[in-house]
Structures are given as C-alpha cells and as structure tokens.
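4 protein chains.
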Amino acid sequence: MTEPLDLARLQRRLAEFAAARNWQPYHTPKNLAAALSVEASELVEIFQWLTPEESARVMADPAAAPRVTDEVADVLAYLLQFCEVLGIDPLAALDAKIARNERRFPVADADDGAEPGQHPES
Amino acid sequence: MTEPLDLARLQRRLAEFAAARNWQPYHTPKNLAAALSVEASELVEIFQWLTPEESARVMADPAAAPRVTDEVADVLAYLLQFCEVLGIDPLAALDAKIARNERRFPVADADDGAEPGQHPES
Amino acid sequence: MTEPLDLARLQRRLAEFAAARNWQPYHTPKNLAAALSVEASELVEIFQWLTPEESARVMADPAAAPRVTDEVADVLAYLLQFCEVLGIDPLAALDAKIARNERRFPVADADDGAEPGQHPES
Amino acid sequence: MTEPLDLARLQRRLAEFAAARNWQPYHTPKNLAAALSVEASELVEIFQWLTPEESARVMADPAAAPRVTDEVADVLAYLLQFCEVLGIDPLAALDAKIARNERRFPVADADDGAEPGQHPES
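Protein chains in written order, with the working numbering: chain A, 20 to 141; chain B, 20 to 141; chain C, 20 to 141; chain D, 20 to 141.
Honestly, I wouldn't trust all of these hints.
Claimed, not checked - List of simulated lysine to aspartate or glutamate pairs, DMTMM-like, C-alpha gap at most 25 Å:
{"id": "1", "chain 1": "C", "residue 1": "116", "chain 2": "D", "residue 2": "121"}
{"id": "2", "chain 1": "B", "residue 1": "116", "chain 2": "B", "residue 2": "25"}
{"id": "3", "chain 1": "D", "residue 1": "116", "chain 2": "C", "residue 2": "80"}
Honestly, the hints are just simulated from the structure, not real lab data.
Pulled out of the complex, with its shape left as it was, chain A reads as follows:
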C-alpha cells in the first residue's frame, strides 16, 4: 500500500484491470499500438497551435495542465499493456537503446561553442 510506485506494479494493476473487465480480446498488440498512437496524438493536440515558448509554459495553464498529465498517463498505460502482452521489458529496452545511442552519437568536442548542433535523430 505504501510501497513506492514502480512500473512493474502499475503494469500488474493494468493487467488485472483489463482482465476483470474481459477486455483481453481487444488487447491485441496491433490494437494496443494503435491506442498508444492515438493517445500520443491527443498529447500533440494540446500543443498543436502553441508557439515553442507557450509550449514551455503549458503546466502554468490550469486548463491545459491536467490534460497533459492525463495524456501522459494514457500513453504510459498503453505502452505498459503493449509490453505486457508481448513480454517486452520496457526498461531493459530503453537501457539497451541509450547504450546504443551513446555509441552512435558521440559527444562532440566540448570546445565547439554553445551553438546547438543539428538534432541528428530527425
């Protein structure tokens, strides 16, 4: 009850939640990937007409802030359910990806000044 929140426990609660409602037939990997992308787009929708500067202040907007938090929860919920049905460990996947990216994008010489390099992941 007072355990710290962790991803594995939340994932278990989501699985129990779906099972109790007989939703597993809907939760194919294909459908969960679609649902994840729909929720990610609902997050984009909050920002779509904002300037970069306005977007940085979004949590100061009492109408937008809870929507943002809510969409973050929805994205994470579908990501965890997707990983659950396919047996993927999302933390191990990210750990491996960061290690790979550290090799792919070595840090440039520190003397090259303050100008941001072009974001290479585009």
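Given the coordinates of chain A, assemble chains B, C and D onto it according to the supplied hints.
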C-alpha cells in the same frame, strides 16, 4: 552499475545525454510530444498490414521483434524526456489515472457470462 | 454555385476561411502537419477496438458513420491547407507517386494463384 | 491521357493498382486508417525539430522538399483508398464540413484589430 533499472535513473541518463549534445533547445514540450507521436506511429507501422493473429505472434518473427523492442524504447525515451522538461511524474500520473478508471468503469456483475463487453474507452 | 466540387475550389475556401479569422499565424507548415496527424489519429480511434470485419461494416453503424465522414473531411482540410502554405500540388504529387510505384512494384505473374502477396509497403 | 488530373481518376488508378497486386485483403478500413496516420506522422517527422520559421522555408531545402511532396502523396493515397473502400466522397465531406464550420466560427467584428484570435479548433 548493478543497481536495478529504474525509470528515474533512465530519465536522468536521457537528460545527461541530451545536455552533453546541446540538444535542449530542440527539446521543447511541443517538439517532444511530436517526436513521441512519431515513434508511436513507427510502432503502428510494424503492425499495419498484420491480422490480429499475426500481430500476437510478432515477437516470433526475427525481423520484426527487434524493431518492436526498439520502438518501445523510443516511445519511452520521448515520454520520459517530455515529463522531465515539464516536471511531470509519469508513475504518479498513471497511478491517479488507474484509480480514476476503477471508479469510472466498475467491474460488471460476474454472472453476465464470458462475452467481452464493448471496450468503453474507444 | 452549381459548379462541380473540386479540390482547388475547396482549397480556396479553406484559405479564405482561415484568412477571415486571422488564423494564418497559426498555420505554419509544422503546425498544419501536426494537426493533420491529429485528425488522422482521430480516424484511427474510431477503429481501434474493431475487428477487421467490424471495420468493414463501420458505415452501417449510425453512430460511427458520421464521425468517419467528419474525420475524412478534417484530414483533407489540413492536407489542403498544408499544401496551400507550401505551394504543393497534391494531385501532381500523387500522380508522380503512383507512376513511381508502378515501376517499384511490378504486377507479379497472374498465374501465381489467389493468395495475396505480402504487402510490400509495410 | 492529357485529361486534367482529378481526384476521382487518381482514386481509380489506386484501386486498380491494389487490385492488380491482390492487396485488397490488406485494405480493410482499419488498416488503411492506420496507414494514413503512419504517413501523416512521417510528414510530422520532417518538421519535428524545426522552428516555426524553419518550417516555413522547408521547400527551399533540397533534401527535405521531395520528402515533403512524397509524404503528401502518401497521405492522399491512403485517404483516397480509405474513402474508396467505404464509399465516402471526400469532396462532399469537406464541402459539408466547411459549411458547418462557417456557422460554428462566425467571423469576428472586423474592427477588432490585427491580433489573431485564439485558434478555436485546438
């Protein structure tokens, strides 16, 4: 080094990774939300022509499985970076959302048979 | 007034609509591309929990059918506005693309039976 | 051959293209909606790290311009195929939507100055 993986540590590594490459100017909430949705769509792309049954077996396909894991990592990476720049705790957000959904979607009477109810989140 | 509908006329009406409301500052290519993807996801949302068979019957559902038509309109509206601000001719773009795809994906020998080949655009 | 390009003809060519390759079994409305959203996200990807100003100049970038045109073609192709399988007329849908929006968002008093109003479709 041998600490268990946890979300907060991965989030810190992502922040250091971006800072070391001077990528913060690109990492507005608006841009990170867009990047998150792009990665979610790359996950959808893997499944777009598959039947539900094929989608359930995707991890048995040696060409598709590492792509799936990789896109999971990318989605989680952008979600954590988005949360980092806005000061959102994704685990607390999800915990609150599950609690809310437990009230919104009470478990139906167990006697109503095996047929799955319509998924109400559509 | 009784002219046939055509893409160019609808594009002009959309441009006048936005201009009359002073929305052009919002209509950067970046924002319009995001809005287009948000509308495409709203279309996906209608289908996310449907089986392939249910999805084929969606226009027979009096609740879903007008939503589908509405989202088609939204996707097309943002696509046309995106093309307008960047001076892209969407029909010429598609014509060139179809010609290119006809060369990339030659029709297989007609004798190879009824089984559908793997969709190569995945 | 020298007819002007029009949507209906391009739609017919797309249908013939898919039929000649036996792709119709893949072209459920659900799959085509997913493919449409994937292509829309590929358009977003081109813009994801650009500033609003850079996004306005994207067609002057010889590397980005053909990618933009190509993604426009892909979005339109899937939109037309989606409409084809469901019997939706995209031009009529957009015409009706514009008429509806003209009622929903009346033009504000012209004297209210140059400042753009908040985009109401957000």
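Hints and how they fare:
1. C:116 to D:121: Violated, because 34 Å separates the two Cα atoms, which is more than 25 Å.
2. B:116 to B:25: holds, 21 Å
3. D:116 to C:80: holds, 20 Å
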